[in-house]
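Trainee: Protein chains in written order, with this note's numbering: chain L, 1 to 235; chain W, 1001 to 1357; chain Y, 2001 to 2287.
Where hints are given, some of them may not hold.
Taking beta-carbon pairs under 7 Å as the criterion, some of the chain L residues facing chain Y (in silico) [to be verified]: (1) A72; (2) E73; (3) V76; (4) R77; (5) M82; (6) F90; (7) P91; (8) S92; (9) L93; (10) E97; (11) I101; (12) Y104; (13) A105.
I should point out that these hints are in silico values taken from the structure, not numbers from a laboratory.
For clarity, every value in this text was computed on a predicted model and none was experimentally measured.
Each residue gets a CB set at the ideal place from its N, CA and C atoms; glycine is no exception.
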Amino acid sequence: MCLLKTNRLAAHYNDFQALFAVDLHLDAGETVAIIGANGAGKTTLLRSLCGALANAPEQIVFDGEPVGALSAEQVVRRGIAMVPEGRKLFPSLSVEENLQIGGYAGGAGGFWNLAKLYELFPVLGERRRQPATRLSGGQQQMVAIGRALMSNPKVLLCDEISLGLAPAVIRDIYNALPGIRSQGAGVILVEQDISRALSAANRFYCIMEGRVTLSGEPENASRDAIHDAYFGVGA
Amino acid sequence: MRYSIQTSTRFSRVSLALAVAMVFMLALLPAYASRGLLQDMFFILTMLTLAQFWNLLAGYGGLLSIGQQAFVGVGGYAMFALVILHGWDPLAAVAVAGCAALLVSIPMGFFSFRLHGAYFAIGTWVLAEVLRLLVAQFKALGGGTGTSLPRAATRNLWGADWVKEVFDVKSAAARDILAYWLALALAAAAIAGIYYLLRSKQGLALSAVRDNAEVARSVGVNAHRLKWQIFLASAFGTGITGALIYLQKARISPDAAFSVTDWTAYIIFIVVIGGIGTIEGPILGVLVFYLLQSLLADYGSWYLLSLGVAGITVMLFAPRGLWGLISDRTGVQCFPIRRLLVQHSNKTGENSVRNHH
Amino acid sequence: MNYLDTVVQGVLLGGLYALFAAGLSLVFGIMRLVNLAHGDLIVLAAYLLLITASVLGLSPFVAAAAVAPLMFGIGWLLQRHVLGRTLGADILPPLLVTFGLSIALQNALLQGFSADSRRLNSGALATASIDLGPVSVGVLPLLTFASAIVVIIALNQLFYRTELGRAFRATSDDADTARLMGIQPQRIFSGATAIAMLVVTIAALYLGTRANFDPSIGPARLIYAFEAVIIGGLGSLWGTLAGGITIGLAQTIGAAINPEWQILSGHIAFLLVLLLKPRGLFPRAFD
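Work the whole structure out from these sequences, hints included.
Mentor: Below is the structure:
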């Protein structure tokens, strides 16, 4: 079942066009990785999907409805939640309050609640009264993911969730993904770390200079093809 | 290809010549004008000078002061003190009054620079209030009710005899003429000085600080020192202007000399309505202000009410003021402070110009 | 001079200044906006209380129940249509707009109500006092101080115990990320200003019942409020109460020495704190 779909998505920053006719889709319970070099347009794509960048309405279709022109605060109410790059926790809120504010858009009564999140990430339960910024980088990333889950989204957008974290911590975080997916949510992972993203994803799209250069299933794509799609042919 | 930096345009060179000619013509005004017109011109010119100095602080330095009345008051009172208590000639006292305002601005700056943004604004206001309350304690200058300049002092101003002879007027009119000339000289000097400052290296640093303080610091601009410099400069200029205003009024009281409405609110509206952050804006603003005042002065509070609403409207819908609207439509700049990077193409001889702030 | 009496009066006066300051502090804490028309809005509320009380023949305390929702609405619309448009990286627009608003409000009130001094009639309450051993304390000042404490507790509860308070703090931290949570910053800001106007109504009630007021006194109330906020340390409501008490004490002690020194002493206390503790008595850990 197709949950989220883009139709020739074109995104602009003022005069600069950052995405050109991007077509992708995401099914329920599926994890899709978006890979690409720095500046390829991955973050622009996520910002378009979550409503932080406005697009033409039909360019993004969610649950059969055009959502391209909706604002971020409307999009999250429809069921698309974002884990922003750099985590962006609220420093004057405690760990628990950061999680609670994730439920501001609604979604109460869904699978995810504080208790379920503390099961998923037990360390957060132990430190729930502390200011969120007092936590380690990996723990902060857990809060950011938990905060997004609190709205019980149908689509979870994850922007560079492994950035700046130690390998063991990244493994912990990626180990949580199957649990999230099993609740029926579709996940879009944006990563620069190709192998990490591909190992977790059912499908992938590779983006270069604002265009999709390769897509498919990780096991069917050769290293050379991905290399060419990532850096450009002949690079 | 060759490049050169150009800060003037053909229009600006013409307008410079026009400005010089205009100052000369205005200097000759007392020969033709009535005393009433001279007094109105004095009002316009002194308000313009105050506006230019506030604009230097807020429009260029990002320092929103609501305490300019402190310097007007200190300037005025210093002049009165020198004349009444020490028997100075009022004209000499006007010059020294600027130094008094400068001196007072040092501790004022020390306190207010501990506050930032909006708090700087209210901090300067508090300091002006403190000065008003302190001056009201000074019984030798009339305490809370204020005092007047002695007749003898105002009648025998330096040069007054000469003016009386040349223009064949009485001593009160001669005082108005002298005050008018000083106001004209002060306004011209303020505009020329600020224009020169903004076109200098300091001016470039100032706009760098206004646009992005972090970046400015990284290229070696000392923003703190720059802000101090323009704070002191504007205190000095505002102090001299205040002394001159009270020389012409010849009567002073703490409530009038330290009035936030007269010396800061009006000035802010002049600059905001005319166009903040430009030299042309306050000139245009003071003319609009004068017209509004002539039309609406009889309506008292309606006048101030409409001024407040006009200020809000301009800030919301045309934040660069009337001059911003004009200059956007026409591209005209009388006092260009932008630097233009001019590319001299060797083949065709045509110049292409790129804007560069 | 009765020292104990002076100190008690000073502390109680501080309650009034804390009420002036709480709304200012709330709005600054959430949107970094300093409303230079804050004092004039207090005076506006006092006139609204005056009209309501005299037209309906009510006690000003009952009239406040009618004026509070009105002020709430005024705050919401003001933020939505005027102040909200000025928020951004540049600090000049909000200051210049609120300064313009201050001048416009003062003169609109002058036009509507003349420069005559007015007072809210609180009946027997105005002169009632309680004997507390060595000192006799006015009921009205006591009520003012108690109201200040209730207001601060209520605002703190709102801030730290409710979903709205979490949204306030989150938006204050990072409005763009708050959007990703489904928060509409504009509505949050409008709500904050509206709540600040509820506090303004309470402040106006005591401003008007304790002493005379006229359209010109707003700016001085803004200055006292501002001094209380800075002395207390930005962002701490209990600090604001301490700041208000500092100003109140300084003014009362100054006035006891020489009546002309009342206002000056308050300002000097503020400058001393600024000199010795530039971040206030109770600075927030982060800003």
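Trainee: Each of the hints needs a verdict: does it hold here or not?
Mentor: Each hint, compared with the structure:
no., hint, in the structure
1, A72, "holds (4 Å)"
2, E73, "holds (5 Å)"
3, V76, "holds (4 Å)"
4, R77, "holds (5 Å)"
5, M82, "holds (5 Å)"
6, F90, "holds (4 Å)"
7, P91, "holds (6 Å)"
8, S92, "holds (5 Å)"
9, L93, "holds (6 Å)"
10, E97, "holds (5 Å)"
11, I101, "holds (5 Å)"
12, Y104, "holds (5 Å)"
13, A105, "holds (3 Å)"
Checked against the numbered hints above, the structure violates none of them.
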